[in-house]
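Participant: Listed here are the chains, written in short residue letters.
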Amino acid sequence: MTAAFDILLCVMILGTAGAALFLRDPLAAIVFLIVLGNLLGLAWLTLDAVNVALAEIAIGAGVTGVLLILARARLVALGDNVVCEPMPLWARLGAIALCAGFTAVLSCVVLSITPDSGLTARIEALMPRIGIENPVTGVLLAFRAYDTLLETFVLLGALVAVWSLGPDTAWPHPPAALRIFDPGLRSVAGAFGRVLLPMALVMAAYLVWAGSDLPGGAFQAGTVFAGGLLLAAIGGAIGLPRADSPALRLVLVLGPLVFLMIGLAGAVLGRFLLFPDGTAKMLIVTIEYALAASIAVTLALLVAGSPATPDKQD
Amino acid sequence: MPDVFMLAAILLLATLGVALMRAVRGPGRIDRIMAAQLVGTGGVGVALVLGAARNAPAMLDAALIGTLLASVAVSAYVRGRTVGQPETGGPGRADEAGRSE
Amino acid sequence: MTWLDYAVIVLLFTGVFFYAAGSLGLVRFPDASSRLHALTKADNVGLGLVALATALHWGSPAIAAKIFAVWLFAIMAAGMTAQLLARTAKDDDEARDPP
Amino acid sequence: MDLPVLDHLFALTGALLVGLGLCGFIVLRHPLRQLLAVNVVGAGIFLILGGLGRGGSGTDPFPQALVITGIVVAVALTAFGAAMILRVAAEPAPENRQAGEDAGETR
Numbered sequence: 002m003t004a005a006f007d008i009l010l011c012v013m014i015l016g017t018a019g020a021a022l023f024l025r026d027p028l029a030a031i032v033f034l035i036v037l038g039n040l041l042g043l044a045w046l047t048l049d050a051v052n053v054a055l056a057e058i059a060i061g062a063g064v065t066g067v068l069l070i071l072a073r074a075r076l077v078a079l080g081d082n083v084v085c086e087p088m089p090l091w092a093r094l095g096a097i098a099l100c101a102g103f104t105a106v107l108s109c110v111v112l113s114i115t116p117d118s119g120l121t122a123r124i125e126a127l128m129p130r131i132g133i134e135n136p137v138t139g140v141l142l143a144f145r146a147y148d149t150l151l152e153t154f155v156l157l158g159a160l161v162a163v164w165s166l167g168p169d170t171a172w173p174h175p176p177a178a179l180r181i182f183d184p185g186l187r188s189v190a191g192a193f194g195r196v197l198l199p200m201a202l203v204m205a206a207y208l209v210w211a212g213s214d215l216p217g218g219a220f221q222a223g224t225v226f227a228g229g230l231l232l233a234a235i236g237g238a239i240g241l242p243r244a245d246s247p248a249l250r251l252v253l254v255l256g257p258l259v260f261l262m263i264g265l266a267g268a269v270l271g272r273f274l275l276f277p278d279g280t281a282k283m284l285i286v287t288i289e290y291a292l293a294a295s296i297a298v299t300l301a302l303l304v305a306g307s308p309a310t311p312d313k314q315d
Numbered sequence: 009m010p011d012v013f014m015l016a017a018i019l020l021l022a023t024l025g026v027a028l029m030r031a032v033r034g035p036g037r038i039d040r041i042m043a044a045q046l047v048g049t050g051g052v053g054v055a056l057v058l059g060a061a062r063n064a065p066a067m068l069d070a071a072l073i074g075t076l077l078a079s080v081a082v083s084a085y086v087r088g089r090t091v092g093q094p095e096t097g098g099p100g101r102a103d104e105a106g107r108s109e
Numbered sequence: 006m007t008w009l010d011y012a013v014i015v016l017l018f019t020g021v022f023f024y025a026a027g028s029l030g031l032v033r034f035p036d037a038s039s040r041l042h043a044l045t046k047a048d049n050v051g052l053g054l055v056a057l058a059t060a061l062h063w064g065s066p067a068i069a070a071k072i073f074a075v076w077l078f079a080i081m082a083a084g085m086t087a088q089l090l091a092r093t094a095k096d097d098d099e100a101r102d103p104p
Numbered sequence: 032m033d034l035p036v037l038d039h040l041f042a043l044t045g046a047l048l049v050g051l052g053l054c055g056f057i058v059l060r061h062p063l064r065q066l067l068a069v070n071v072v073g074a075g076i077f078l079i080l081g082g083l084g085r086g087g088s089g090t091d092p093f094p095q096a097l098v099i100t101g102i103v104v105a106v107a108l109t110a111f112g113a114a115m116i117l118r119v120a121a122e123p124a125p126e127n128r129q130a131g132e133d134a135g136e137t138r
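Protein chains in written order, with my numbering: chain A, 2 to 315; chain B, 9 to 109; chain C, 6 to 104; chain D, 32 to 138.
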């Protein structure tokens with residue numbers, strides 16, 4: 002029964018991916034990418050990787066969809082003048098053959114590796130030392146904390162890069178407003194956004210709090226809250242901040258900063274990112290709350306895009 | 009009992025596959041968005057059933073996130089189709105240009 | 006198998022039936038408004054029944070409350086998206102008429 | 032059903048996704064479609080990581096952690112890509128302009 006479910010799911014994932022790539026209507030392609038995100042979330046659930054499933058569903062359903070739908074709408078509004086010459090047929094066929102060969106090789110490589118639980122046992126053995134029970138959070142914030150710290154810098158860097166793409170006249174105005182223009186539609190979406198935003202906040206807080214022992218954590222919480230922020234912004238319940246607002250800047254760097262300070266405090270005690278015995282859980286939860294806030298705001302602003310000149314607010 | 013839940017999950021997934029036919033065929037944009045919405049709620053159902061089959065309460069959180077954010081894509085679509093038009097009504101340029109496809 | 010298990014099975018598959026009805030409506034109905042009607046109603050009855058079945062199966066009040074929250078959010082989201090999409094579909098229909 | 036391939040089911044699906052996405056990335060010419068293709072490749076790589084980490088005692092938390100950070104970085108870079116495409120489209124430079132009527136097509 003489980004095998005039949007897995008096979009059906011994998012077939013649907015592949016079909017959806019094919020549709021996302023090769024359907025002619027671009028909106029249909031984006032819709033299928035959203036569906037792919039949902040199905041991948043289910044795949045992670047069947048793999049018992051609930052931590053990943055939470056992130057995938059929140060990103061796939063909440064953030065990537067909005068990002069791509071808005072990007073496409075803005076592109077069409079600009080006239081969509083990006084030059085894209087179609088490839089000649091022989092080049093296409095060659096590319097398809099090449100990719101088929103590559104896929105065959107990759108499949109053989111995959112088949113030659115026996116799936117196993119890898120480091121599960123060793124990580125489980127180390128978990129009591131940090132006093133939390135979710136091994137994924139343990140890996141993210143204790144065993145591989147360095148990676149996670151640098152990753153938060155990558156997120157911040159991506160936002161800086163997106164901001165730097167705005168026209169000179171736009172800085173430091175907010176990005177183009179996300180709210181729906183039609184007043185009737187906006188009142189519907191706005192009322193819902195006002196209800197949903199606090200619920201998303203509660204859910205995000207719960208995910209961080211639960212994340213030390215159950216599936217959940219800063220990344221999942223941040224993406225859920227980012228989805229809530231986006232919905233509220235689309236409904237016009239919240240506006241978008243100016244890029245030079247001090248409060249915004251503080252929230253953006255809060256997570257990486259708290260992480261870095263705690264890491265440096267560890268360096269004073271002996272090693273960078275050392276959590277002294279007995280305080281590990283408290284420090285991890287502190288870092289996670291700060292990170293979740295920063296990730297949520299960063300993701301929401303990444304979706305909103307570059308600063309826009311005030312008279313061209315679309 | 010787990011087998012019963014897995015059977016229900018398989019049937020739900022097959023149902024979603026049927027709904028996806030509408031997303032492939034269209035014809036309107038709105039049909040595709042509706043199909044995506046259905047897959048969203050269907051996915052939540054599958055997550056609930058899988059959680060019961062595996063005895064994993066954490067999967068309920070996945071269902072909760074799925075429902076919380078199911079409507080975000082729809083509102084983005086409604087927002088996106090009015091890009092580039094003035095504050096008062098009427099379908100916008102984005103939609104007109106898109107209809108030729 | 007207790008009577009509770011049978012109740013769970015009946016609710017579960019009735020829910021699946023409503024999901025299937027919603028999908029069929031989405032595929033078979035002729036225009037966007039009637040498809041929307043099929044989608045927003047059948048779908049949420051389906052989810053409600055599946056949620057009830059799983060809640061009974063778990064048999065724990067805390068988990069039942071969480072499942073209830075799932076269903077509540079779904080209903081609220083369906084109400085909002087149905088309104089948005091219905092108004093959008095109406096605009097599209099009007100726009101399609103020759104001026 | 033006890034086929035050996037079932038152990039590799041998700042990893043193989045991931046490999047196929049990588050192939051599909053790569054093919055789409057080369058064949059599709061519109062940058063927004065290429066952005067979608069990159070996302071599909073990313074999803075495939077994540078599935079390979081997850082599928083190969085699944086053994087008798089659950090899924091390895093280590094690749095799970097990698098995939099979670101990967102998902103978040105992927106969405107950040109997708110946003111950056113989308114912003115770059117929009118910037119190129121907004122630029123009035125002649126080499127980006129296509130003279131003629133096929134503007135408005137997103138393919």
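None of these hints come from the bench; they were simulated from the model. Don't take each hint at face value.
[Said to hold, decoys possible] Where chain C lies over chain B, by a calculated footprint (3+ residues, C-beta under 8 Å): (1) 13-26; (2) 43-49; (3) 59-68.
[What the hints assert, rightly or not] A short, non-exhaustive set of chain C residues, derived as facing chain B with CB atoms under 8 Å: (4) V50; (5) L89; (6) L90; (7) A94.
[Stated by the list, open to error] Here are a few chain A residues that face chain C, going by a calculated C-beta distance under 7 Å: (8) L186; (9) V189; (10) Y290.
The beta carbon of each residue, even a glycine, is placed where N, CA and C say it ideally should be.
Participant: State for each hint whether it applies.
Facilitator: These are the hints, each one checked on the structure:
no., hint, in the structure
1, 13-26, "holds (count 7)"
2, 43-49, "holds (count 4)"
3, 59-68, "holds (count 4)"
4, V50, "violated (11 Å)"
5, L89, "holds (5 Å)"
6, L90, "holds (6 Å)"
7, A94, "holds (5 Å)"
8, L186, "holds (6 Å)"
9, V189, "holds (5 Å)"
10, Y290, "violated (22 Å)"
Of the hints listed earlier, those the structure fails to meet are numbers 4, 10, in rising order.
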